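K.L.:
Kindly generate the complete structure, drawing on both the sequences and the hints.
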Amino acid sequence: MKKYSLLFLLLFMLLISCEGSDTYRGKWKAMDPSGKKSEINFEPKKFAIKSSDGKIKVYEYSQNSVKTENGIETYGIRLDDGRGYMIHFPKKDESVAVILDETGNLLYTISRKSHINQEDIYKLD
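Each residue of the sequence shown is one higher than the last, beginning at 0 in numbering that gives the first Met the number 0.
Treat the hints with care, since some could be wrong.
What the hints assert, rightly or not - For lysine-lysine, the following PhoX-like pairs were computed, each having C-alpha atoms within a straight-line distance of at most 20 angstroms:
no.	residue 1	residue 2
1	K35	K54
2	K44	K91
3	K44	K56
4	K112	K28
5	K112	K90
6	K112	K35
7	K54	K28
Hint data in this document are derived by calculation from the structure and do not stem from the laboratory. Keep in mind that this is a model prediction, so the values were computed, not measured.
P.N.:
This is the structure in structure tokens:
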């Protein structure tokens, strides 16, 4: 019986881990390193990027990792086409984050409230 309970628990955890975390689900104001503004909306298994000219691109993804160190969270996501990204919350504040590619290059800064740049996220409080 214990064996089946453990197997069920592992299967349940695997199914849940594929969906995006509540931490980053929802609407974000995004800015790329050149200052171009966008909006990103994360849903459980897909996200949409709406550019400043109104064009929308939708991507399907699954969450493939979670790392927490000293209260700082980083979530790994993998697109259906195999590309991987990290959503990193550099402060203990879950209202701002950065989206990085697999090599750590900055793609977007994101905020729940306003468009911000990298300096705004990393400045000393």
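K.L.:
All hints, please: hold or fail.
P.N.:
Each hint, compared with the structure:
1. K35 with K54: With Cα atoms ~13 angstroms apart, K35 and K54 stay inside 20 angstroms; holds.
2. K44 with K91: violated, 25 angstroms
3. K44 with K56: Cα-Cα ~14 angstroms, so holds.
4. K112 with K28: Within the cut-off at roughly 7 angstroms; holds.
5. K112 with K90: holds, 16 angstroms
6. K112 with K35: holds, 16 angstroms
7. K54 with K28: Status holds; Cα separation ~15 angstroms.
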